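Let's have the full structure, built from the sequences with the hints guiding it.
Each residue of the sequence shown is one higher than the one before, counting from 1 in the UniProt record's numbering.
Read the hints as simulated data drawn from the structure, not as lab findings.
Only a predicted model underlies this, so the values are computations on that prediction, with no experimental measurement involved.
Between beta-carbon pairs, the in silico distance windows are:
1. D65 x P120: 25 to 35 Å
2. K18 x A240: 20 to 30 Å
3. E215 x K275: 25 to 35 Å
Glycine included, C-beta positions come from ideal geometry on N, C-alpha and C.
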Amino acid sequence: MAELIPLQVDTYVSPPIKTATGLADPQKQWWQPITSTLIHGPASAVLVDPPITSAQAEAVGEWVDSILSLYPDKKLRYIYITHAHGDHYFGASIIQKRFAGVEVLATAKVVAGIEVMNSPAVYNVWAGLFPDGQLPEDKVLPQALPESNEFRLDGELLKAYDVSSDCEKSSFLHVPSIALIVGGDVVYGDCHQHLGEANSIEKRQRWLDALELIESLEPNVVIPGHKRSSQSDGRYLVNATRKYIQDFARWGDEIKSDDSIDDVRKPDALFTRVKQASPYHPLRSGADQIAILSFIMDAALSFLPVVHNHLFFDAVAAFASLDFSLRVFTPLVNINNWHHREAINHQAGASRTYSESRVWGEEGNMVVAMSQLSILRTEADKTKL
1 MAELIPLQVD TYVSPPIKTA TGLADPQKQW WQPITSTLIH GPASAVLVDP PITSAQAEAV
61 GEWVDSILSL YPDKKLRYIY ITHAHGDHYF GASIIQKRFA GVEVLATAKV VAGIEVMNSP
121 AVYNVWAGLF PDGQLPEDKV LPQALPESNE FRLDGELLKA YDVSSDCEKS SFLHVPSIAL
181 IVGGDVVYGD CHQHLGEANS IEKRQRWLDA LELIESLEPN VVIPGHKRSS QSDGRYLVNA
241 TRKYIQDFAR WGDEIKSDDS IDDVRKPDAL FTRVKQASPY HPLRSGADQI AILSFIMDAA
301 LSFLPVVHNH LFFDAVAAFA SLDFSLRVFT PLVNINNWHH REAINHQAGA SRTYSESRVW
361 GEEGNMVVAM SQLSILRTEA DKTKL
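Given below as structure tokens:
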């Protein structure tokens, strides 16, 4: 039997793009660069993690075409999605339309997370960050890999590992024949890491365990999910990711216990500390601040709205809760199953809102119910007083 031609690897980094966060600080208006990876053999290719917007996905599609055109008999056969975050798969439908017959794959665990991500309640949060039709209209639901989490590309083994990282429904892809790890969001380059969902000691430890697992596979090449476009891919990124997680946790603990800092100033203090430690990291959206709020408040705020009733938080001069109630029925909360409804009345630069949220556990029992009646008012235009 003839020896197989070794697999090859190419990467494309979608540049940072602006997001509609409603935050005045320019450093909180950008989404991180996103890495897409093309693994290809003599006849077939797999694209790992198409980016988020239609325009980004179209650019990635042109890039894939430019590579495959060098090999007339080579076809894109698969898309593999590493984890259940929209910025690593929303563009898959654009790629599918361009390359007929492409199968979309993920582990069963990640598929379950994507089902939640595709729900209107969560998808609309992403659509708010990328408004005006930037996101593809068609959503994809990948085919689950078999229990082994293995598939083959031109005879070569590719194996996915279910792990936790910046979200619970996460994985990385190992290609033993070329000692390659495609890390998804388990591994980061020079970008701020999203810790909004890794908001407890246990969750961060599971992320650190995933990094140890990657190291145990002794890869030569490690490709991060977010990085500078010119940054090289290597094992050094595993340790850099680990150090960021550990530093963030240590600084957060120090600031939370520092009585000289007012509680309302602690998120800003941690944000400043992180930025000072990593001044070279690319700018990104308000997700950095959300992660910091999450750490300080010990709460999962990864999808916390940064715009309330179309009044940007930075422009809100007054906020009053006329009535608030919170009922917790059990400490076991599955935040992936929740309901929110809101009634809004806008008048003369102010908003009066009634909102109600409910969270259900995995067995279908309601575990948290919250209602709030509020008034928000924008800052007065002093030139008209």
